[in-house]
Amino acid sequence: MTILTLTPIAVGLLLLILPQLLPGKLALSIRKFSRNVSFGVSMALFAFATYLSFTTFGGIDWLDINMGEYELMNDKPVTLISSIGVSWIVGVDALSLPMVWLTALLIPLSMLVEWDAKEGHIFHPLILVMEGALLGVFVVLDLFVFYVFWEMTLIPMFFLILVWGGEDRKYASMKFFIYTFTASVIMLVGILIMYFHTGDVSGVSGTLTGHHFSLIEMNSEMIQSEGLRHLVWILLLIGFATKMPSVPVHTWLPDAHVQAPTAGSMLLAGVMLKMGAYGFLRVAVSLFPESTVVFTPILIILGMASLVYGALVCMGQTNLKRMVAYSSVSHMGLIFLGIATMQPLGIAGALFMMFAHGIISPLLFAVAGAFKHHYHTLEIGSMRGIAHHSPYLAAHMMLGWMGSLGLPLLAGFVAEVAIMIAFWMSFGWLVILPALTLIITAVYYLTSMQKTIFESNDRHHGILPESLHGEEPRDITWNENTSMFILGILTIAFGIFPFIFFDMMSDWSSEFVSEVLLSYLIEQGVRP
Amino acid sequence: MNLPINSSEAELVIPELIMLFGLICIILIPNLGNASFRIPLTRIHVPVFIGGSRFKRTSNPKLPNQVSLIIFTFALFFGLMQNSYGTIGDTLEVTEFSRLFSLIFIAALLLATIATTHRLPARPNVKPPNDDDSENISTKKINALIDNRRQVDFHIILIMVGLGMSLMSMATHLFMLFVCIELASLSSYILVAFHKESKVGGEAGMKYFIVGSVASAVGIYGMSLLYLWSGDLSLDALSIKWAESSSIDPLAGIAVGLMLVAFGFKVGAAPFHLAAPDAYSGASSPIAGLLATASKAMGFVALMRILVSVTMPIEGEAFWYTAIAIIAVVTMTWGNLAALTSSNPKRMLAYSSVSHAGYMLAGLAAIGSGLGSEEAIELVLTAIVFHLAVLVIFKFGAFLVLSLLETEDRGHRLEDLHGLARRDPLVAGSMFLFMLSLAGVPPLSGFLSKFLMINGIVNISAGTGASDATSVLDWLTSVEPVFWLAFAIVINSALSMFYYLRIGLVMFFEEPEDSRAMKDAFSLRLAIVVCAILTVIVGIGPLSDSLLEMVADAINSFVSN
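Those sequence lines, one after another, are chains Y and U.
Its first residue numbered 1, the first sequence is counted upward by one per residue in my numbering.
Its first residue numbered 1, the second sequence is counted upward by one per residue in my numbering.
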C-alpha cells in the first residue's frame, strides 16, 4: 500500500521538477517521455491493485476481515512527526479496497482520454501526483496523514482546472478550491477535537502533546461529553458532505465540472466525490454510530434534498456536463439515504453506489469531453442525430446514460435497488419519494438522449451545431474510444456480476451493523 | 594578559565573536591596497596595505557581500556545533534558548546576505529616477544605483544587527536587553532607509525610525518605573520580587504595560503595527524579510522574558491576560483584513506578518490565563518558538522571491507577479509553496507550527468544557474563553487563505507583462529552492522532529530559569 501511494507522487513530482533543473537538452527528452512514463507507472499500479483485489482466490480472503481489522497493514507504524503523534499507518479493508481499485483503474483511463493534452509533460505527471494523493486518502489510517492527502488532492485538481479548463476556469477553480478548502478546514476542527481526546484512552507516550492521530486506536468513548460527540459528528459531516457534495453546499461541483478538462472531470466525479462518502463512513459513521443514529433525519433530509433537487435541476439543463454534474449530486444523495437506513443492505448499497457511480460517471464525462472535443459545444439541443455522424460516441453515450438512470443489468441498478429495498425496510412507504425521483432521472436522460442521439429532421444528416462552422464532425479518436470501451464493459460486467465487490461490501456493512450499531441500538431499546 | 573574558566564556559566544571579528574584517579588507610607508631618510618602503590604490580583488564591489556571507556561514556552523552553556558576567547567559534564537537570527541574516548578492544596495550620490525621466535615463540611474561600490556600509550594519539580536537573546538583565534591542533596531532603521533606488525607501526609514524611537522611549520609561519599584533590573531579581508581592503594585503594572508598547511595536502587534507595512514596503525585500522574521523573533524573546519569566504568577491569571488576548485577536484579524485589500505584495506580506504576530500573541495570552498545566504551557511556548524558527524559512523565502523580482526593478505591485509561472516555474512553484505554508496548509511547516499552537491552547482550555454537557450549545457555553483564542486562529487562517491564494492565482493564471526569462541569479535561486525544500521537510519527517526537539530543549531551559 505504501508503494501504491508513494510511487506515483514521487514519480510525478520528479517528472515535474526535473526538466526545470536540468539543462535544456536533457530536459527536453524528459518532457518527451513524461507522458509515457506516467502512463506506464499508472498501468503498473493498476496491475498491482488488480492483483491485490482478486487475491481472494489466493492469499487474502477479503470476506474474512473483521470490523476494525485491515489487510496489508504495515505492522510497525513509521513515525512521521513524533512530537504530535503522527505516524504512517496504511491498510485496506473491504470498505477501501474497491475504492483503491477504482482509483487505480480510472487514472490510466483518464490519461488515455486526454492522451494528446497540450503541455502533456505537465498534465500527465500532475494526474500521477493526483493518483498518489487519492490512493493515500483511501489507504491511510492516520487522521493527520489522511487530512494531508485529502488536501493534496486539491492542488493537482486546482491546476488541472486552472490551466487546462474552459473559458471560465479561473472562477471555477477558485470556487472549487475555496469551497472544498473551507469545508476541509471545518472537518479539520472536528478531527482536532477528536485528537485532543485521544491519549487518555491509549496513553500514547513519547509525544510532546500526549495525543495521537491513529484512527485504529480511536473510539467513540474517548469523548465523554455527548454534546461534543455530536458537535464533532456535525463538523465532520460538513467537511465530507461538501466534498460529496450534498445539496446546500454543492454549487462548486457544476462549475468545476463544466470548466474542468475531461480527465479532471472524470477523476473529480469518479473518485474525488467518493472521498467524501468514504471519509464519512470511515470516520464519522464508524467512530460515532450513536450520533449517526441520532442525526438520521438530517441524513435523510440532506439525501432526499440532493436526490430530488439534483434530478429536478438536471431536467432544466442544456449543458451536457452540467447535467451530468447535477446527476452526480442526485446520486450522492442516494448514498446518504443508503447510510441513513442503518440496514446492512442499505449501507452495502451505498457502498456499491460509490463504486458504480465511480465507473459510470467517468464514462459520462468522457463522453461529454469527446462531444466537446469533436463538436466544440456542450449544448444538448444544438446537435441532433449524433448516431449518424459518430456511431461510437453515440453508443457510449447511450450506455452511460442507461447505466446512470439505473437500467437493470447495469452497475447502477444493483446499487439503487439495494438502497431502495433497505429504505423500504427502514422507513416503509417513504420509499415512494426516492423511487419517484428515479423516474425524473429517467425522464431527463431519455429526453436528452432522444434530442441528441436520435431525433433529426433529416434522417441522413441530422443538425450540426453552429460551433462546427459547417465542418464535418469526426468520430472519437482511438484513445477516447478505448477508455470509454473499457468503462462501458465494466458497467455491464458489474451489473451482471456485482458480487465481485458487492460481497465484500455487504460483509463489511453487516459486520459494521452487527458490531458497532447493534450494541448501541439495543442499549437504546430499539429493535432493528 | 588580561582579556575582558576568559577562554571558557569565549567558547560560549563563538558565533558572536565570529561576527565581531567579521565586523573588523569587513571594515579592513576592502581598504587593503598597495600603500607603503617609506622609512624616513632611507629608500626602504614598508608596505602597510591600508590605503593607497586598492588591489583588484579588494576593490571588487562584490567583496563585502562575500565576506559577510562567509562570516554568517561560519557563525551558523559554529552555532549549530556548540553545546556548552553557561553565564558570562552578570548580564549574559548562554542557554539552549538563547542559542536557538541566535541561530534563527543568523539564519535570517544569512538569507538576507544571499538575497543582496544580486541586488546590490545603493550608491549614495546617485539620485533615484524621477517620474518624468525618459526610460533611458531612469535605466541608467537604476544601474548606477545597483552597481554599488560602497555596500560595505550595508554589510557592516547587517552584521551589527546580527550582533545586537544575538546578544539580546542571551541577556538576563533588562538593561542589557534594552541596549541590544536598540543596537539591532537602530541598525535596522538604517537598513530600511538603505533602499535608495526607490523614493519610498528614505521615507519608510524615517517613518520607521520615528515611530520606533517613540516606542523605545515609552519602553525605557516603563523600565525606569520598574527600576523605581524593584531597585534591580536583572530578570531573576524581578521575578522573585514579583512572586513575593501579594498584589500587583500599580507602578509595576504600568511599567510592564509601557514596556509592552515597546515590544509590541517590535513584533508588530495592533495597534502599534501601523508603521510596519510602510517600513516593509519601503525597504528592499531582503531587509523587509529580516524585519518580518528576525526582528519579530527579537520582539517575542523580549515579550516572553517579560511576560512569562517575570510577571507570570505561579497560579491564577496574569494581570495582562485579557489585554494580550484582546490585542492578539485584534492583531490577527486586522492583519488579515488589511492584507486582503493590499495590492502590493510586500505590503501584503507585512500584514500577513502582523497576523502571524497575532497568532503567537494568542499563544502568550493562553499562557496568561493560568489554566494550563506546566506541560501545556511548555507546549504553547514550543509552538511560538517553533513558529518563529520556521517563519525564517517560508516568510523569508517569499521575500527572497520578491528580491529576485527586485533585481529587475519589480516586485512592488501585484502585477509584477503576474505570469511568474510562465517566466520561471520553479520560482513560482516555490512561491506558491511559501504562500501555502504561510496559510497553514498541511503538511508544510507552517501548518505544524500553527497546529502546535492550537493544540497548546486547546490543551490549556481542556477540561474546562463541561463533560456532562448533553447538547452542543451546553458544551460551547461551558468552555473557558481561552478556547475561543484557538477558534479565532482557525477562523483567521481560513480568512487568510484568500490573499495567499490570490498570489498563487496571479502567478499561474495572469499573462506576464514582460515575458522575458528571469535574470539568472544563481545563489538567490538556490536559496529559494532550498527554502522551498525546507518548508516541506521541516513540516513532516525526521528533520521536523529534530528541530522540534531542539525547540523543546530550548523551552525547557527557558522555563527552568
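It is worth saying that the hints were derived from the structure and are not from the lab.
Each residue gets a CB set at the ideal place from its N, CA and C atoms; glycine is no exception.
Please note that the accuracy of each hint is not assured.
Below, a list of computed lysine to aspartate or glutamate pairs in the EDC-like style, where the Cα atoms sit at most 20 Å apart [stated by the list, open to error]:
id, chain 1, residue 1, chain 2, residue 2
1, U, K199, U, D90
2, Y, K170, U, E415
3, U, K140, U, E510
4, U, K199, U, E244
5, Y, K451, Y, E379
6, U, K62, U, D520
7, Y, K170, U, D133
8, Y, K372, Y, D168
9, U, K199, U, E408
10, Y, K170, U, E510
11, U, K199, U, D133
12, Y, K32, Y, E119
13, Y, K170, U, E513
14, Y, K372, Y, D116
15, Y, K118, U, E510
16, Y, K25, U, E408
17, Y, K32, Y, E167
18, U, K207, U, D132
19, Y, K175, U, D278
20, Y, K372, Y, E167
21, U, K241, U, D133
22, Y, K76, Y, E167
23, Y, K25, Y, D168
24, Y, K118, U, E511
25, U, K241, U, E135
26, U, K199, U, D278
27, Y, K76, U, D545
Here are the in silico distance ranges between beta carbons for each label pair [claimed, not checked]:
id, chain 1, residue 1, chain 2, residue 2, range
28, Y, L6, U, E513, 53 to 63 Å
29, Y, L13, U, I24, 27 to 37 Å
30, Y, T182, U, L28, 36 to 46 Å
Practice item. Hint says 27 to 37 Å; check whether the CB-CB distance for Y:L13 and U:I24 agrees. Key: At roughly 46 Å between Cβ atoms, U:I24 and Y:L13 fall outside 27 to 37 Å, so the hint is violated.
Practice item. Quickly compare the C-alpha distance for U:K199 and U:D133 to 20 Å and report which way the hint goes. Key: holds (14 Å)
Exercise for review: Quickly compare the C-alpha distance for Y:K170 and U:E415 to 20 Å and report which way the hint goes.
Suggested key: Measuring from Cα to Cα gives roughly 17 Å; hence the hint holds.
Practice item. Assess, step by step, whether the Cα of U:K241 is no farther than 20 Å from the Cα of U:E135, and give holds or violated. Key: Given that 20 Å is the threshold and the Cα spacing comes to 65 Å, the pair is violated.
Point to revise | Pair hint outcome, U:K241 versus U:D133 [Cα-Cα no greater than 20 Å] | key: Violated, at roughly 64 Å.
Review point. Taking 20 Å as the top limit, are the C-alpha atoms of U:K199 and U:E244 close enough?
Key: violated (54 Å)
Check your understanding: Given the hinted pair Y:K32 and Y:E119, is their alpha-carbon gap at most 20 Å?
Key -> With a Cα-Cα distance of about 10 Å, the restraint between Y:K32 and Y:E119 holds, given a limit of 20 Å.
Practice item. Compare the distance between the alpha carbons of Y:K170 and U:D133 with 20 Å, and conclude whether the hinted pair is satisfied. Key: Violated. Y:K170 to U:D133 sits at ~38 Å, over the 20 Å cutoff.
Practice item. Measure nothing beyond the straight line between the CA atoms of Y:K372 and Y:D116; if it is 20 Å or shorter, mark the hint as holding. Key: Distance ~15 Å between Y:K372 and Y:D116 Cα, so the pair holds.
Check your understanding: Is it true that Y:L6 and U:E513 lie within 53 to 63 Å of each other by Cβ?
Key -> For U:E513 against Y:L6, whose Cβ atoms are near 40 Å apart, the range 53 to 63 Å is violated.
**Study point:** 20 Å Cα cutoff - pair Y:K32, Y:E167
**Key:** With a Cα-Cα distance of about 28 Å, the restraint between Y:K32 and Y:E167 is violated, given a limit of 20 Å.
Exercise for review: Sort out whether U:E513 lies within 20 Å of Y:K170, counting only the CA atoms.
Suggested key: holds (19 Å)
Violation of the numbered hints given earlier is confined to hints 1, 3, 4, 7, 16, 17, 18, 19, 21, 22, 23, 25, 28, 29, 30; the remaining hints are satisfied by the structure.
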